[in-house]
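Please work from the sequences and hints to get the whole structure.
Protein chains: 2
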Amino acid sequence: MAEAVWSDGAAYINGRFMPIAEAAIPITDWGYRRSDVTYDVVSVWGGAFFRLDDHIQRFRRSMNALRLSPPEDDDAIRRVLTECVRRSGLREAYVAMDCLRGTPKPGLPRHPANCGNYLAAYAIPFVWVMSLEMQARGAHLIVAKTPRIPDDSVDPKVKNFHWGDLTRGLFEAQERGADNCVMLDREGYVTEGPGFNVFSVTGGAVATSDHGSLEGVTRLSVQELCAEFGIPFAIRKLPVAELREADEIFLATTAGGIMPASRLDDRILGNDRPGPISSRLREAFWAKRAEGWHATPINYA
Amino acid sequence: MAEAVWSDGAAYINGRFMPIAEAAIPITDWGYRRSDVTYDVVSVWGGAFFRLDDHIQRFRRSMNALRLSPPEDDDAIRRVLTECVRRSGLREAYVAMDCLRGTPKPGLPRHPANCGNYLAAYAIPFVWVMSLEMQARGAHLIVAKTPRIPDDSVDPKVKNFHWGDLTRGLFEAQERGADNCVMLDREGYVTEGPGFNVFSVTGGAVATSDHGSLEGVTRLSVQELCAEFGIPFAIRKLPVAELREADEIFLATTAGGIMPASRLDDRILGNDRPGPISSRLREAFWAKRAEGWHATPINYA
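First to last, the sequence lines map onto chains A and B.
The first sequence maps to residues 1 to 301 in the working numbering.
The second sequence maps to residues 1001 to 1301 in the working numbering.
Worth double-checking, as some hints may not be accurate.
Straight-line Cα separation of at most 25 Å, BS3-like style, residue types lysine-lysine; simulated pairs [claimed, not checked]: (1) A:Lys-145 x B:Lys-1157; (2) A:Lys-157 x B:Lys-1145; (3) A:Lys-157 x A:Lys-237; (4) B:Lys-1157 x B:Lys-1237; (5) A:Lys-145 x A:Lys-157; (6) A:Lys-237 x A:Lys-145.
Keep in mind that the hints were calculated from the coordinates and are not lab data.
Predicted model only: the values in this text are computed from it and were never measured.
So this is what it looks like as structure tokens:
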């Protein structure tokens, strides 16, 4: 094994910091073996967290929904995330926080209520779910045939690793020569894609799905930018037919920001390039971040 | 950390053997972060594997379905599992085999097709999903309100860690003072429980669900025992109303064998004890295993 170095990333697991190469989950942990875990991801850009409290608050809501309770309170989580970034020295980072179920305590019945939950976190170099080249030409998307896991089986508002349907969608995209996919529910409404919210732009108005999807923090940024620019914005049921006929489509995620699409199945949008509203939102998003929008600077000393 | 000892269990990860306490999955691995993994579990009893080839064949089918391909062929997997048991010295063991997606290879797009898949395995002391005391009195079950993840989103025949719905069912069971739960599909048909197939006995005939559930290897043993005893056996759609009116209910899994139930929601079956057919099947199952049924003895030397 290569020597572990902090600049590749820094991690924290249940009380201890370590280089990312050493960060691992016990193979018997229910966080892995039952995917009984929730997580969140916050970005660091120019040496500052973006919307740190929004992410920690959503993470806490997710933990509460799954009855997960690590020893660390929100302030301690904030300190752990900061220390991971500080140790890595990274100015642009992808910072994950996980809360795992653990394993049943000795002598107690094998039930998730009887486990010691714990926090894991790490900072690694910033991850782009779509490359900058792909964002510049616009993503090529398909509508996946695999239906999204329904909300009443696994709540998509609680960020989770149940990616079986999304992974199938990614293989469908590859088979059809596309970059990525949009997932539908069983009634033909748009939900989300693998790790991002999906937006349509029609007649100058932006819309995104109200179910089957995460309440994205980048989605919230899109909403704020639309308000600033006077662009109508709605979170509502989004029929796939409306997405197919949209003037523009874009995607949003922490690991990539606002990402325009230029194709959906056989349809080419605009001139096979990112649309004007998508591009305006994307440019404003990064310009405002460079100016310190929702930023929490990190002390690297 | 306590000193790692082989008798607590022995593991293998991607080419290397280690004590179970050292066996861990990288926190960035998609096998954990996207639950992009399949697995199987075979039991060892009296120093012999039970139905080893059936488990390895199902594991290979699961890997193929997810397009996972580890370096090890089926013979190599058999040798790895045997070596894990041999190193542990365990005569009764729970032996797991996982195939994980891994992470994208450097320089390639972040797509599951571009990852190095690998095998992990371990042998630990035998696990009872229900204690022997619970099996003797019969399990107390509820019908969970959380619906099972549908087959077209995540295929339940491909053994997976997408346990979000099952974990919710387990919390429902705890709230209602029960031991465990039965999951239904969206049309009110029985699927399975957390880690086991569910069987009804009505008028002397045994039935179990044909969808929403794993093709259990212990289910296959139940089928063989029924054939031997002249008990009608069917794999078909099983309405919850039929389960509620059944003469008997029992469960089957590698980590526990054939396990009778004595209650379902407010209903007490029989005299609040395991029923006669369930008990006969359970006793025959263990008696035949003691006689070497489907056994592959392990050379511990």
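To see whether the hints hold, each was checked on the structure:
no.	hint	in the structure
1	A:Lys-145 x B:Lys-1157	holds (19 Å)
2	A:Lys-157 x B:Lys-1145	holds (19 Å)
3	A:Lys-157 x A:Lys-237	holds (16 Å)
4	B:Lys-1157 x B:Lys-1237	holds (16 Å)
5	A:Lys-145 x A:Lys-157	holds (22 Å)
6	A:Lys-237 x A:Lys-145	holds (19 Å)
When held up to the earlier numbered hints, the structure conflicts with none and fits them all.
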